[in-house]
Amino acid sequence: GAVVSQHPSWVICKSGTSVKIECRSLDFQATTMFWYRQFPKQSLMLMATSNEGSKATYEQGVEKDKFLINHASLTLSTLTVTSAHPEDSSFYICSARAGGNNQPQHFGDGTRLSIL
Amino acid sequence: AQTVTQSQPEMSVQEAETVTLSCTYDTSESDYYLFWYKQPPSRQMILVIRQEAYKQQNATENRFSVNFQKAAKSFSLKISDSQLGDAAMYFCAYMSGSQGNLIFGKGTKLSVKP
Chain X
1 GAVVSQHPSW
11 VICKSGTSVK
21 IECRSLDFQA
31 TTMFWYRQFP
41 KQSLMLMATS
51 NEGSKATYEQ
61 GVEKDKFLIN
71 HASLTLSTLT
81 VTSAHPEDSS
91 FYICSARAGG
101 NNQPQHFGDG
111 TRLSIL
Chain H
1 AQTVTQSQPE
11 MSVQEAETVT
21 LSCTYDTSES
31 DYYLFWYKQP
41 PSRQMILVIR
51 QEAYKQQNAT
61 ENRFSVNFQK
71 AAKSFSLKIS
81 DSQLGDAAMY
91 FCAYMSGSQG
101 NLIFGKGTKL
111 SVKP
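Chains X and H are the protein sequences, given in the same order. Following the numbering used here, the numbering of the first sequence begins with 1 at its first residue and continues without gaps. Following the numbering used here, the numbering of the second sequence begins with 1 at its first residue and continues without gaps.
Simulated from the structure, these hints should not be mistaken for lab results. Hints may contain errors.
Here are the simulated DSSO-like cross-link-like pairs (lysine-lysine), alpha carbons at most 30 Å apart as the crow flies [claimed, not checked]: (1) K64(X) - K14(X); (2) K109(H) - K73(H); (3) K66(X) - K55(X); (4) K14(X) - K41(X); (5) K20(X) - K55(X); (6) K41(X) - K109(H); (7) K55(X) - K14(X); (8) K41(X) - K64(X); (9) K106(H) - K66(X); (10) K66(X) - K14(X); (11) K73(H) - K106(H); (12) K20(X) - K41(X); (13) K20(X) - K73(H); (14) K66(X) - K41(X); (15) K64(X) - K73(H); (16) K113(H) - K78(H); (17) K109(H) - K70(H); (18) K55(H) - K113(H); (19) K78(H) - K109(H); (20) K20(X) - K113(H); (21) K41(X) - K106(H); (22) K55(H) - K70(H); (23) K113(H) - K55(X); (24) K106(H) - K20(X).
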């Protein structure tokens, strides 16, 4: 149980294009989803928190116009990297949580984004 | 603000031996949770063990156990009978009971020697 699917697992695209990453909770309803970014050999840094039906809450320093997050249903959240540039290349991981703040987060397998 | 510190960037252990990974944290909250996550080369985040701050008893999961010292704000992970498959990055994480966000340490890379 508690499976989170993230798609695509790896994407390569040209600079200037927009890329959408999907995060789905397959067997539970995710009231809250989280998006993290991980640079090589570094830890996970929280980018934003999204609650179903509400606007995402972005961490300090994260450009909300650059990283568009939509959490339109209890099983799906999307992260769109708009007008991507090489510095946006990174590993992006989502997690999903059902219920309150004391419930565990379940992680997707991550998306490796490479911008040429 | 809460912080999580892992002072060992890399650790090495012989197969079948025991290794302890260190983690300290700083918080003024009383309601919180602590976690150890494993990230193998596939980069999937795997929950190893979870500890509720209000529980005095140390959590255990098969070969994995923690030494939770609340007063010292220490949360170390002990891996017994280490296996080759234990080789990975290990992240210590803190979660506020009120906010629910995970704060990760910088990680410890564990190597297991056959």
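query: Checked against the structure, which of the hints given earlier come out wrong?
result: Hints 13, 15, 18, 20, 23 contradicted; others consistent.
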